[in-house]
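Work out the full structure, taking the sequences as your base and the hints as a guide.
Protein chains in written order, with our numbering: chain G, 275 to 793; chain B, 275 to 793.
A hint or two may mislead.
One copy or two, it doesn't matter: identical chains are merged, so the pair holds either way.
Calculated lysine to any residue pairs in the SDA-like style (CA-CA distance at most 25 Å, straight line) [to be verified]:
1) Lys-326 / Leu-678
2) Lys-326 / Leu-574
3) Lys-345 / Ala-780
4) Lys-318 / Arg-771
5) Lys-345 / Ala-329
6) Lys-345 / Val-333
7) Lys-326 / Cys-340
8) Lys-318 / Thr-514
9) Lys-345 / Thr-332
10) Lys-326 / Tyr-288
11) Lys-326 / Ser-573
12) Lys-751 / Glu-624
13) Lys-389 / Ser-290
14) Lys-318 / Leu-492
15) Lys-318 / Arg-501
16) Lys-772 / Val-399
17) Lys-326 / Ser-290
18) Lys-326 / Asp-507
19) Lys-772 / Ala-474
20) Lys-326 / Lys-345
21) Lys-326 / Pro-363
Quick caveat, the hints were computed from the structure, so don't treat them as lab data.
Note that this is a predicted model, so its numbers are computed, not measured.
Next come the chains, spelled out residue by residue.
2 protein chains.
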Amino acid sequence: MGHTEERDSAPMSYASLIEVMGRVNDFLNASSVLSWDARTMMPKGGAETRSKQLATLTVAARNLLCSDEAKRALEGAEAEISGRAPDSPEARIAAQVREAIDYHERIPTELLHRKTELGTAAHAVWAEAREKADFAIFSDALTTMVDINREMAQAIGFEDHPYDALMYRFEPGVTKRDLDTLFARLRDGMLPLVRGIAEAEEPRADFLYRDVPAEAQLAFGEAMAARVGYDLDRGRLDTTVHPFEVSFTRNDVRITTRVSRTYMPMALFGALHEAGHALYEQGVDPAYTRTPLATDLVSLYAVGGVSFGAHESQSRLWENHVGRSRSFWLNHMDEIRAAFPGVLDDVGPEEFYRAVNRSRPSFIRVEADELTYDFHIMVRCEIEARLVDGSLDVADLPEAWNALIKEYLGIDVPDDAQGVLQDVHWSSGQIGTFCNYTIGNIMAAQLFDTATRETPSVQAALDAGDYTPLRDWMTDKVARHGRRFTRDELLEKATGRKLDPDPYIAHLTRKYSEIYALG
Amino acid sequence: MGHTEERDSAPMSYASLIEVMGRVNDFLNASSVLSWDARTMMPKGGAETRSKQLATLTVAARNLLCSDEAKRALEGAEAEISGRAPDSPEARIAAQVREAIDYHERIPTELLHRKTELGTAAHAVWAEAREKADFAIFSDALTTMVDINREMAQAIGFEDHPYDALMYRFEPGVTKRDLDTLFARLRDGMLPLVRGIAEAEEPRADFLYRDVPAEAQLAFGEAMAARVGYDLDRGRLDTTVHPFEVSFTRNDVRITTRVSRTYMPMALFGALHEAGHALYEQGVDPAYTRTPLATDLVSLYAVGGVSFGAHESQSRLWENHVGRSRSFWLNHMDEIRAAFPGVLDDVGPEEFYRAVNRSRPSFIRVEADELTYDFHIMVRCEIEARLVDGSLDVADLPEAWNALIKEYLGIDVPDDAQGVLQDVHWSSGQIGTFCNYTIGNIMAAQLFDTATRETPSVQAALDAGDYTPLRDWMTDKVARHGRRFTRDELLEKATGRKLDPDPYIAHLTRKYSEIYALG
Chain G
275 MGHTEERDSA PMSYASLIEV MGRVNDFLNA SSVLSWDART MMPKGGAETR SKQLATLTVA
335 ARNLLCSDEA KRALEGAEAE ISGRAPDSPE ARIAAQVREA IDYHERIPTE LLHRKTELGT
395 AAHAVWAEAR EKADFAIFSD ALTTMVDINR EMAQAIGFED HPYDALMYRF EPGVTKRDLD
455 TLFARLRDGM LPLVRGIAEA EEPRADFLYR DVPAEAQLAF GEAMAARVGY DLDRGRLDTT
515 VHPFEVSFTR NDVRITTRVS RTYMPMALFG ALHEAGHALY EQGVDPAYTR TPLATDLVSL
575 YAVGGVSFGA HESQSRLWEN HVGRSRSFWL NHMDEIRAAF PGVLDDVGPE EFYRAVNRSR
635 PSFIRVEADE LTYDFHIMVR CEIEARLVDG SLDVADLPEA WNALIKEYLG IDVPDDAQGV
695 LQDVHWSSGQ IGTFCNYTIG NIMAAQLFDT ATRETPSVQA ALDAGDYTPL RDWMTDKVAR
755 HGRRFTRDEL LEKATGRKLD PDPYIAHLTR KYSEIYALG
Chain B
275 MGHTEERDSA PMSYASLIEV MGRVNDFLNA SSVLSWDART MMPKGGAETR SKQLATLTVA
335 ARNLLCSDEA KRALEGAEAE ISGRAPDSPE ARIAAQVREA IDYHERIPTE LLHRKTELGT
395 AAHAVWAEAR EKADFAIFSD ALTTMVDINR EMAQAIGFED HPYDALMYRF EPGVTKRDLD
455 TLFARLRDGM LPLVRGIAEA EEPRADFLYR DVPAEAQLAF GEAMAARVGY DLDRGRLDTT
515 VHPFEVSFTR NDVRITTRVS RTYMPMALFG ALHEAGHALY EQGVDPAYTR TPLATDLVSL
575 YAVGGVSFGA HESQSRLWEN HVGRSRSFWL NHMDEIRAAF PGVLDDVGPE EFYRAVNRSR
635 PSFIRVEADE LTYDFHIMVR CEIEARLVDG SLDVADLPEA WNALIKEYLG IDVPDDAQGV
695 LQDVHWSSGQ IGTFCNYTIG NIMAAQLFDT ATRETPSVQA ALDAGDYTPL RDWMTDKVAR
755 HGRRFTRDEL LEKATGRKLD PDPYIAHLTR KYSEIYALG
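Take a look at the structure:
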């Protein structure tokens with residue numbers, strides 16, 4: 275084993291590490307541009323060759339990260355910065371590069387290839403199964419995919435449970451044991467609310483289903499995204515099938531939403547949700563641009579957010595704690611009336627606030643409301659963990675799914691398309707990412723609670739329709755640090771404690787008890 | 275000098291060459307997606323980091339092309355296919371890879387870096403100079419850029435003239451001597467027309483300046499692009515400042531145009547022009563996808579067209595020989611009237627045909643008409659060759675420019691912004707590409723002449739508004755071959771002779787003598 279001359283003479287320094295990682299970031303950002311384009315602009319003919327281009331970019335990023343060139347630069351960097359504080363940006367960068375190289379080298383290339391190849395085939399099989407609402411069609415492919423994920427978990431390594439290894443790339447540090455504890459507390463706090471609401475009177479909401487032209491919905495969504503601080507000089511809003519946010523460095527952070535002519539909240543809250551994600555990326559310290567502090571070298575995504583859950587905390591915060599708050603509609607009801615002429619003349623802010631906060635059990639996760647959403651996550655996480663540890667057979671999956679939905683939400687799943695087949699994730703081999711959503715919900719409430727309690731002027735500004743103080747607080751405590759601190763370090767610095775579900779349970783209890791006049 | 279283990283064990287075969295070149299193509303196509311996005315969609319904040327991403331992708335493509343891995347695969351491929359016919363796709367692929375590696379290895383990395391760095395700085399200087407219409411501001415930067423290009427020419431190598439070395443990457447094989455001969459024949463044939471038109475009566479054209487809503491112009495442009503055969507399932511039309519076509523394999527070929535509310539032909543003919551480019555890429559043999567026969571490994575663009583001039587032949591053919599023909603407007607006048615309600619009620623097809631074919635000397639190349647356009651090219655090519663061989667000093671450039679414009683077009687350049695500063699090319703160090711436009715014009719006429727003379731049904735179909743036979747002829751003779759044959763091989767197969775300006779001169783003489791009733 276040797277090196278090319280160029281590599282042997284490559285500088286071993288912190289600067290050279292930053293240069294190499296800049297190119298890793300470029301590959302991953304290029305990949306993100308191609309993904310954005312595929313989901314917003316690409317004509318249908320482009321799909322096949324686009325997937326090859328994406329694969330080449332991801333492999334190039336991974337190979338460069340694990341190259342002799344990168345390793346030599348890392349050695350030089352480690353020697354050069356050995357005196358720095360352990361949580362200095364430089365020390366953290368070196369540590370994260372080493373950790374990421376170690377992570378990727380544990381996973382055999384052959385296993386990765388097998389996963390990618392199966393993913394392509396399995397996606398088509400899953401789509402057919404969902405189309406026909408017949409889980410049996412997908413069963414064999416899913417069995418193989420679960421086996422590959424079990425192999426992945428063994429390769430990555432874990433202390434307690436193989437599921438921990440799979441969650442690592444999405445939510446570093448979280449364990450099945452953590453989730454069990456969190457979920458139990460959420461169920462204790464939230465199930466009484468779900469049960470209470472089932473008996474209570476529904477608020478009026480007929481006006482949410484009135485027809486509003488797509489252009490007006492998009493314009494209002496964009497205006498509200500800009501109002502909370504989304505910088506359109508470094509972003510843009512487009513429409514897509516499944517809304518998402520994606521960044522190509524903090525200088526270009528794009529959001530998407532979807533429009534329904536029969537349910538007007540979709541475009542608006544979609545835009546606010548993705549704007550929340552975007553505020554995270556737009557707020558990362560400019561000095562971190564193209565460095566590992568704005569690159570997830572484990573997941574191979576060019577993002578500044580420290581975990582998928584932390585990212586979700588910002589989208590949920592701006593969507594739910596701000597956009598679905600009473601004060602938001604007291605401040606903006608006149609604007610939505612003006613934006614949708616003649617549509618909401620008979621609706622007041624209080625009515626609108628209650629309507630967009632209705633809760634009722636439903637089958638589809640992506641359409642679930644703030645209160646019932648986490649139960650959809652619990653079902654998935656519990657099932658994934660059992661598939662991965664072998665205590666649940668794929669064949670028994672629909673039955674287990676339907677039983678959990680019945681237990682938590684009290685409803686009977688009518689068919690597999692509205693049950694176990696609804697999400698795309700498993701078809702591409704993604705197991706271990708659902709926990710991010712609930713961790714995001716918990717973290718959003720924890721941050722919002724601290725921001726508004728400790729700094730009363732933040733809440734006063736929100737009451738006046740001024741989002742700058744809250745945004746500045748979040749930028750200061752969360753966004754600007756990029757990936758420098760872990761999620762729990764970030765939470766401890768911002769709120770004085772690690773992830774804590776109490777503020778979330780308190781928020782839901784306060785809000786839903788009041789809207790539904792629960793005892 | 276050694277190799278990594280992976281490289282030493284890399285397969286040496288034709289299949290491995292195709293695999294490596296597939297990844298080169300992926301990098302270059304990804305780069306094209308990022309360029310398209312930058313020119314159509316990107317918010318202004320994204321510019322700085324986007325240019326870094328583009329640089330990383332181009333360097334990655336060049337490094338992979340020139341890597342030990344590629345060279346070993348090439349050796350294996352050459353051995354494996356040594357019995358194939360010299361013009362078989364396999365033999366041509368191997369030859370083109372070897373030629374491209376040789377080309378890139380002749381240019382020192384240090385020189386490339388210097389050119390790239392100066393390009394960034396020089397562009398800003400040029401923009402300021404043009405803004406202030408003051409050549410002196412740009413003079414020093416241009417002097418350095420000319421010097422760098424002279425170094426490039428020496429590194430690349432040439433037989434007769436350093437300009438030949440610079441034109442190679444855009445129009446392989448063309449020489450300054452060829453251009454001198456071509457230009458002399460064009461001047462002989464075309465200057466009498468320009469002089470005659472200066473004395474003749476202008477056709478009526480007031481209606482071209484009427485206001486038409488942007489949406490209607492774009493919809494009509496897209497409809498006409500689709501009519502001549504542009505496949506929107508493998509493409510899309512967007513607006514931009516300087517229209518272009520770009521492909522990300524034949525499966526995704528995008529076009530752009532620009533809209534003027536005070537000059538309606540702009541959007542339409544822009545769309546037809548770019549659709550012509552797009553038909554070339556959409557027509558490349560699917561078997562060539564991701565291979566060097568759809569990748570320009572010298573210029574490092576992922577295109578199937580065999581030279582920039584050959585590409586331009588297809589855009590000019592569909593724009594000028596089809597879109598500006600009398601039969602086109604006899605067939606589509608009713609449609610444009612319906613598309614722009616109330617705007618063209620007083621205009622007949624004959625009037626419209628004459629109006630969109632007016633000719634008059636002007637200062638700006640990109641706004642020039644079919645007849646005077648090539649004189650703008652001659653001015654640039656003659657000046658570039660003299661800068662490169664040292665017979666013209668940068669300081670004397672404006673004077674030389676203005677004198678040539680006066681000689682050819684009989685007009686006095688009012689300032690440098692409308693003269694020597696108008697084009698962006700030199701600011702980025704691009705010298706040697708202007709000849710493509712005139713070669714494209716000549717080649718378009720030569721191909722169109724053969725197609726319509728040898729296959730009378732092609733002309734009959736055009737007269738009936740049916741573009742399929744002409745498109746099929748062009749696909750069969752030009753597009754499907756991708757980069758398998760050289761431009762002259764392609765022309766000889768299609769028309770029985772190499773590049774020949776006679777059909778072009780005959781076309782212009784016929785058209786303009788008739789429109790302007792010239793003796």
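Hint by hint, here is what the structure shows:
1. In the homo-oligomer, the alpha carbons of Lys-326 and Leu-678 never lie at most 25 Å apart, since the shortest distance is 39 Å inside one protomer and 49 Å across protomers.
2. When the C-alpha separation of Lys-326 and Leu-574 is checked against a cutoff of 25 Å, the pair qualifies both within a copy, at 16 Å, and between copies, at 18 Å.
3. Taking CA atoms no more than 25 Å apart as the test, Lys-345 paired with Ala-780 passes in neither setting, with 48 Å inside one copy and 65 Å between copies.
4. For the identical chains of this complex, Lys-318 and Arg-771 are neighbours neither inside a copy (48 Å) nor across copies (40 Å), given an alpha-carbon limit of 25 Å.
5. In this assembly of identical chains, Lys-345 and Ala-329 lie within 25 Å of each other by CA distance both inside one copy and across copies; the values are 23 Å within and 23 Å between.
6. In this assembly of identical chains, Lys-345 and Val-333 lie within 25 Å of each other by CA distance both inside one copy and across copies; the values are 17 Å within and 20 Å between.
7. Taking CA atoms no more than 25 Å apart as the test, Lys-326 paired with Cys-340 passes in both settings, with 21 Å inside one copy and 21 Å between copies.
8. Taking identical chains as interchangeable, the C-alpha atoms of Lys-318 and Thr-514 lie at most 25 Å apart whether they share a chain (14 Å) or sit on different chains (22 Å).
9. Proximity of Lys-345 and Thr-332 under a CA criterion of 25 Å is satisfied in both settings, with 18 Å inside one chain copy and 23 Å between copies.
10. With identical chains, the CA atoms of Lys-326 and Tyr-288 are at most 25 Å apart between copies only, with a shortest distance of 20 Å across copies and 33 Å within one.
11. For the homomeric pair Lys-326 and Ser-573, the shortest alpha-carbon distances inside one copy (19 Å) and between copies (22 Å) are both at most 25 Å.
12. Proximity of Lys-751 to Glu-624 under the C-alpha cut-off of 25 Å is found in neither arrangement, the shortest distances being 32 Å within a copy and 70 Å between copies.
13. In this assembly of identical chains, Lys-389 and Ser-290 lie within 25 Å of each other by CA distance solely across copies; the values are 22 Å between and 33 Å within a copy.
14. For the homomeric pair Lys-318 and Leu-492, the shortest alpha-carbon distances inside one copy (24 Å) and between copies (21 Å) are both at most 25 Å.
15. Proximity of Lys-318 and Arg-501 under a CA criterion of 25 Å is satisfied inter-copy only: 19 Å between copies versus 35 Å inside one chain copy.
16. Taking CA atoms no more than 25 Å apart as the test, Lys-772 paired with Val-399 passes in neither setting, with 41 Å inside one copy and 53 Å between copies.
17. Taking the shortest Cα distances, Lys-326 and Ser-290 sit within 25 Å of each other only across copies (16 Å), while inside one copy they are farther apart (30 Å).
18. For the identical chains of this complex, Lys-326 and Asp-507 are inter-copy neighbours only, at 19 Å across copies versus 31 Å inside a copy, given an alpha-carbon limit of 25 Å.
19. Taking the closest pair of Cα atoms, Lys-772 and Ala-474 never come within 25 Å of each other, the shortest separation being 35 Å inside a single copy and 85 Å across copies.
20. For the identical chains of this complex, Lys-326 and Lys-345 are inter-copy neighbours only, at 22 Å across copies versus 27 Å inside a copy, given an alpha-carbon limit of 25 Å.
21. In this homomeric assembly, Lys-326 and Pro-363 come within 25 Å of each other (Cα to Cα) only across copies, at 22 Å, whereas the closest approach inside a single copy is 35 Å.
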